[in-house]
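Please build the complete structure, drawing on both the sequences and the hints.
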Amino acid sequence: MKKKPTLGIYGFTGCAGCQLAILDCEDILVDLFNYVDIKVFFEAMSNNEDIANVDIALVEGSINTNKQLNELKEIRDKAGVLVAFGSCANHGCVQAMALGDGKWEERFTKVYGDAKFTVAIPREAQPIHKFVKVDAFIPGCPPSTLQMLRALTQLLHGNQPTYTNSPVCLECKFRENECLLNDGKLCLGPLTMGGCTAPCPSHNTPCIGCWGIIEEANHTSELTLLKEKGFKTEDIIRRFRIFGGSKIVEKVQRLLEVE
Amino acid sequence: MRILKLSKKDEKKLYDVLIEFGEVWAPVSKGSKYVYGKIEKKEDLIIYEKCILPIIPVKKFLMPQDFTMLNFTPSKYSIPEEDIPTTVVVGVPACAIHAVNILDKFYTTDYVDNYYMKRREKLIIVGKSGLPEENCFCHKTNTSIVEEGYDLFLFDLGDYYLVWVGSEKGDDIVRKGSDIFSEEVPKDVSKKFVEFRRKKSNCFTNDVDLEGVTDLMELNYNAPFWDEFGEKCLSCGQCTMVCPTCTCFNVIDDLALSAETGGRRRYWDSCMFKDYSLVAGHHNFRESKAERLKLWYTHKLKAFIGHFGSPSCVGCGRCIETCPVNINIVTVVEKLKS
Chain A
1 MKKKPTLGIY
11 GFTGCAGCQL
21 AILDCEDILV
31 DLFNYVDIKV
41 FFEAMSNNED
51 IANVDIALVE
61 GSINTNKQLN
71 ELKEIRDKAG
81 VLVAFGSCAN
91 HGCVQAMALG
101 DGKWEERFTK
111 VYGDAKFTVA
121 IPREAQPIHK
131 FVKVDAFIPG
141 CPPSTLQMLR
151 ALTQLLHGNQ
161 PTYTNSPVCL
171 ECKFRENECL
181 LNDGKLCLGP
191 LTMGGCTAPC
201 PSHNTPCIGC
211 WGIIEEANHT
221 SELTLLKEKG
231 FKTEDIIRRF
241 RIFGGSKIVE
251 KVQRLLEVE
Chain B
260 MRILKLSKKD
270 EKKLYDVLIE
280 FGEVWAPVSK
290 GSKYVYGKIE
300 KKEDLIIYEK
310 CILPIIPVKK
320 FLMPQDFTML
330 NFTPSKYSIP
340 EEDIPTTVVV
350 GVPACAIHAV
360 NILDKFYTTD
370 YVDNYYMKRR
380 EKLIIVGKSG
390 LPEENCFCHK
400 TNTSIVEEGY
410 DLFLFDLGDY
420 YLVWVGSEKG
430 DDIVRKGSDI
440 FSEEVPKDVS
450 KKFVEFRRKK
460 SNCFTNDVDL
470 EGVTDLMELN
480 YNAPFWDEFG
490 EKCLSCGQCT
500 MVCPTCTCFN
510 VIDDLALSAE
520 TGGRRRYWDS
530 CMFKDYSLVA
540 GHHNFRESKA
550 ERLKLWYTHK
560 LKAFIGHFGS
570 PSCVGCGRCI
580 ETCPVNINIV
590 TVVEKLKS
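As given, the protein sequences belong to chains A and B, one line each in that order.
Anchor point for the first sequence: position 172 equals 172 in our numbering, and the numbering is continuous, going up by one each time.
Numbers given in our numbering equal positions in the second sequence, counted from 1, plus 259.
Some clues are possibly wrong.
To be verified - A few chain A residues that don't get close to chain B, going by computed Cβ distances all over 10 Å:
(1) 46
(2) 106
(3) 156
(4) 169
(5) 222
What the hints assert, rightly or not - With a straight-line Cα cutoff of 25 Å, these simulated BS3-like cross-link-like pairs (lysine-lysine) come out:
(6) A:229 / B:289
(7) A:251 / B:533
(8) B:268 / B:450
(9) B:264 / B:451
(10) A:73 / A:2
(11) B:399 / B:297
(12) A:185 / B:450
(13) A:185 / B:292
(14) A:229 / B:292
Hints listed in this document are in silico derivations from the structure and should not be mistaken for laboratory results.
The structure presented is a predicted model; accordingly, all values stated were derived computationally and were not measured.
Every residue gets a Cβ at the ideal spot worked out from N, C-alpha and C, and that includes glycine.
So this is what it looks like as structure tokens:
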């Protein structure tokens, strides 16, 4: 029998929900063990190697300490293919909402005072591609079972993973929802990567952008529209930033320059 | 063509007749809008006086948003067996029946799409002429009346509906419901019919002028206003989802982990998305949003005429209602004419 590809699943800063999403595959999980040899999966296994030589490394979470950064580099060195798995690893997610404002140290001191850190020296949250070469991105907060399994299957067979490159609005319309923007709500659906099947707008809750911004996101037009609807620029920008992470930094700077 | 009378006092009995033929679907309210929903009991079947334009039009019965076309192994494939129920959809406005006629042409000309046909054969359309909504402009697209494509069609003439029988299936329904469908049409029916038509005509508030737009599309092909629209467009794709004549889809193969079996999935896509026009080698035919918008309006107002003899806009006004940034047939025509 052909040797099974090896897989390492690593978690840095985040809610660990992306790893949990793998366990949530349930029925297919057993099947997964037939096709991959999982070497590292701290959330689900005992007897893990710390950082193993693997064919595929799925990395969840953002990099928030120097210790994590060193580990990430080692994971990169020991992995054939390195995948940014989920929003935190992809673009930083909520912990990177203030990225680029130059006030990280100020905020840090406000929270931690003059506490001394010796093992893991904190740093501003960043997605993993800021430090190492990332071969593939699987979006999601957390990734959907369907997209994750598709991506894993593609990776196992040596293909580049594909993902939904359409906004949340597509799936929102599949579910026959009235457009929340037209209803005067601050919805980020048109700016946000789909694949989630639009659960929030389907429950009359505006999209907050948790899967990260889509390639063609038109923040300029959305900002103009929301202002026409009576929202304040600062509130709109804050909402853009919540899940925007590293992908939003330059966009927001440009928007503020125009303002 | 047979023309019958359905008294309004017998309206609730209509459900009992239709349910003999299949599932009954009709507009049901969802928030401030409507969707086509399955009607489980006769009290829930409401025939509205105005035209009801559910968020997703009749195409949802004819082409599933997301389905498996076939399952495959390296050596063979099989088409999944589907038990498609006969569906009676009630309260379909004239413009929507025109849209179905357009879909029929699209899916059956040159190449017959069997996935479509299987559903089309199971769809029974009970149309209903209603009073127009604020955005409707079917009087400008010649789609406010319909001559074919329905099984039954109702006109509200006060205390009764005039029922036009448009197909064999429609004929079966009126035979089944012989106790509520009457041959005795009142003598003043013509007068009432003309009154209704006049009342309807007077209700239109959207007076978008479509005269000459086909040629104007050609003349304005490189006009700068397309870029202005492109800058505004959110690429949300809602216009294409709600348009009753949009048909674009994507097909992808999903493999099982073993890669020994797989399924071919087909789902609604939108020409407003960048990936729709992406081809091998990372080339893209329509890189900019302006180009995609231009394509959509060219398709609706011009190109479809070349292929099928009529434009593929039926005047329902959903794009006007739906586009968050006001890019729609009215604003585009305004620019074409200015």
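Now for the hints, and whether the structure bears them out:
For residue 46 of chain A, the non-interface assignment is confirmed: its Cβ lies about 24 Å from the closest Cβ of chain B, beyond the 10 Å cut-off. Taking the minimum C-beta to C-beta distance to chain B, about 35 Å, the non-interface status of residue 106 of chain A holds against the 10 Å cut. Its closest Cβ contact with chain B, about 7 Å, brings residue 156 of chain A to no more than 10 Å, contrary to its assignment away from the interface. Under the 10 Å C-beta cut-off, the non-interface status given to residue 169 of chain A relative to chain B is violated; the minimum distance is some 4 Å.
Non-interface status of residue 222 of chain A relative to chain B is broken: a Cβ of that chain comes within 10 Å, the nearest being about 6 Å off. The hinted pair formed by residue 229 of chain A and residue 289 of chain B meets the criterion: a straight-line CA distance of about 23 Å does not exceed 25 Å. Restraint check for residue 251 of chain A and residue 533 of chain B: satisfied, since their Cα atoms lie roughly 19 Å apart, inside the 25 Å limit. With a CA separation close to 22 Å, the supplied pair residue 268 of chain B and residue 450 of chain B stays within the 25 Å bound.
For the suggested pair residue 264 of chain B and residue 451 of chain B, the alpha carbons sit about 13 Å apart, so the restraint of at most 25 Å is met. For a cut-off of 25 Å, the pair hint linking residue 73 of chain A to residue 2 of chain A is broken: about 29 Å separates their Cα positions. Restraint check for residue 399 of chain B and residue 297 of chain B: not satisfied, since their Cα atoms lie roughly 32 Å apart, outside the 25 Å limit. For the hint pairing residue 185 of chain A with residue 450 of chain B, the CA-to-CA distance comes to about 48 Å; that exceeds 25 Å, so the pair is violated.
Our distance criterion of 25 Å between C-alpha atoms is met by residue 185 of chain A and residue 292 of chain B, whose separation comes to about 16 Å. Note on residue 229 of chain A and residue 292 of chain B: the hinted pairing holds, with a Cα-Cα distance of about 20 Å set against a maximum of 25 Å.
Checked against the numbered hints listed earlier, the structure breaks hints 3, 4, 5, 10, 11, 12; every other hint is satisfied.
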